[in-house]
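**Student:** Residue numbers (this note's numbering), protein chains in the order written: chain Z, 1 to 98; chain G, 1 to 135.
Certain hints may be false.
To be verified - The list that follows gives simulated cross-link-like pairs (lysine-lysine, DSS-like), each with its CA atoms no further than 30 Å apart:
no. : chain 1 : residue 1 : chain 2 : residue 2
1   : G       : Lys134    : G       : Lys32
2   : G       : Lys7      : Z       : Lys65
3   : Z       : Lys74     : G       : Lys32
4   : Z       : Lys2      : G       : Lys126
5   : G       : Lys32     : Z       : Lys2
6   : Z       : Lys74     : Z       : Lys33
7   : Z       : Lys65     : Z       : Lys33
8   : G       : Lys113    : Z       : Lys74
9   : Z       : Lys7      : Z       : Lys65
10  : G       : Lys7      : G       : Lys126
11  : G       : Lys126    : G       : Lys113
12  : G       : Lys7      : Z       : Lys2
13  : G       : Lys134    : G       : Lys7
14  : Z       : Lys33     : Z       : Lys70
15  : G       : Lys113    : G       : Lys7
16  : Z       : Lys33     : Z       : Lys7
17  : Z       : Lys33     : Z       : Lys2
18  : Z       : Lys5      : Z       : Lys70
19  : G       : Lys113    : G       : Lys32
20  : Z       : Lys65     : Z       : Lys5
21  : G       : Lys32     : Z       : Lys5
No wet-lab data here; the hints were simulated from the structure.
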Amino acid sequence: MKITKEKNGNALLVALEGRLDTMTAPELEAELKQELNGVESLELDFSRLDYISSAGLRVLLSAHKIMSGKGGMKVTHVNEIVQEVFDVTGFADILDIE
Amino acid sequence: MNEITLKATIENIPQATAFIDEALEAAACSMKAQMQIDVAMDELFGNIARYAYAPGEGEATVRFHFQEETRTASITLIDSGIPFNPLSVAEPDTTSAAQDRPIGGLGIFLVRKTMDDMAYEYRDGKNILTIRKKI
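Excised from the complex, chain Z in its bound form:
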């Protein structure tokens, strides 16, 4: 998985490319842990993300919890496979998906 970050003031954009799964979820977790200090709003761009497994959902949930006390987190450009995972797990009701 490739992670690209772009910081604009206190807004952070993180774009993911590839697969967010058991092997790669810890990389995203580590990146977010390092970057979220001082960040007020977070956008995760999934336009080049192939799929997500439950290991990835865990990282999204903890990021969502951190950001819900601030300006929030949104997930953008979700493909059909990822949307299905969000739908069946109920994450579609929790996350702000655009």
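Position chain G against the provided structure of chain Z, taking the given hints into account.
**Tutor:** Just chain G, lined up with the frame of chain Z:
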């Protein structure tokens, strides 16, 4: 019958998945079904790697079968670890608020929702788990 036996480790998930992907591509699987099956492999092989032999280690066999007439792929995962029937796991509450949501159990739930069928048996000291999906 087409199978691979690997050490059951997190690091071997990509190799197990690549084995299945190759078989799916040979069967002209749709991209969507392949991605769903890849997610299932991450969940199921990952579970074996994390729990089946903990704190020790062991092997897992992944078997692929494709039935042409019905275009159904069957993937069987076999390990000799502690008996574990994923079908006995209660469905997680997917309607609770984010803050109270328990983190376990989602993976198997996801697999059950995206595959056509999931079957489990414990035989000769082995966990034998089969998922089926029309591709």
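**Student:** All hints, please: hold or fail.
**Tutor:** Hints and how they fare:
1. G:Lys134 with G:Lys32: Answer holds: Lys134 of chain G to Lys32 of chain G is near 11 Å, not above 30 Å.
2. G:Lys7 with Z:Lys65: violated, 36 Å
3. Z:Lys74 with G:Lys32: holds, 24 Å
4. Z:Lys2 with G:Lys126: violated, 37 Å
5. G:Lys32 with Z:Lys2: Holds, because 21 Å separates the two Cα atoms, which is no more than 30 Å.
6. Z:Lys74 with Z:Lys33: holds, 17 Å
7. Z:Lys65 with Z:Lys33: Given that 30 Å is the threshold and the Cα spacing comes to 13 Å, the pair holds.
8. G:Lys113 with Z:Lys74: holds, 25 Å
9. Z:Lys7 with Z:Lys65: Holds, at roughly 20 Å.
10. G:Lys7 with G:Lys126: The given pair, whose Cα atoms are some 15 Å apart, holds under the 30 Å limit.
11. G:Lys126 with G:Lys113: Status holds; Cα separation ~25 Å.
12. G:Lys7 with Z:Lys2: holds, 27 Å
13. G:Lys134 with G:Lys7: With Cα atoms ~28 Å apart, Lys134 of chain G and Lys7 of chain G stay inside 30 Å; holds.
14. Z:Lys33 with Z:Lys70: holds, 15 Å
15. G:Lys113 with G:Lys7: holds, 28 Å
16. Z:Lys33 with Z:Lys7: Answer holds: Lys33 of chain Z to Lys7 of chain Z is near 15 Å, not above 30 Å.
17. Z:Lys33 with Z:Lys2: Roughly 17 Å separates the two Cα atoms, so the pair holds.
18. Z:Lys5 with Z:Lys70: holds, 19 Å
19. G:Lys113 with G:Lys32: Measuring from Cα to Cα gives roughly 14 Å; hence the hint holds.
20. Z:Lys65 with Z:Lys5: Measuring from Cα to Cα gives roughly 20 Å; hence the hint holds.
21. G:Lys32 with Z:Lys5: This hinted pair holds, its Cα atoms lying about 28 Å apart.
Hints 2 and 4, counting from the list given before, are not met by this structure.
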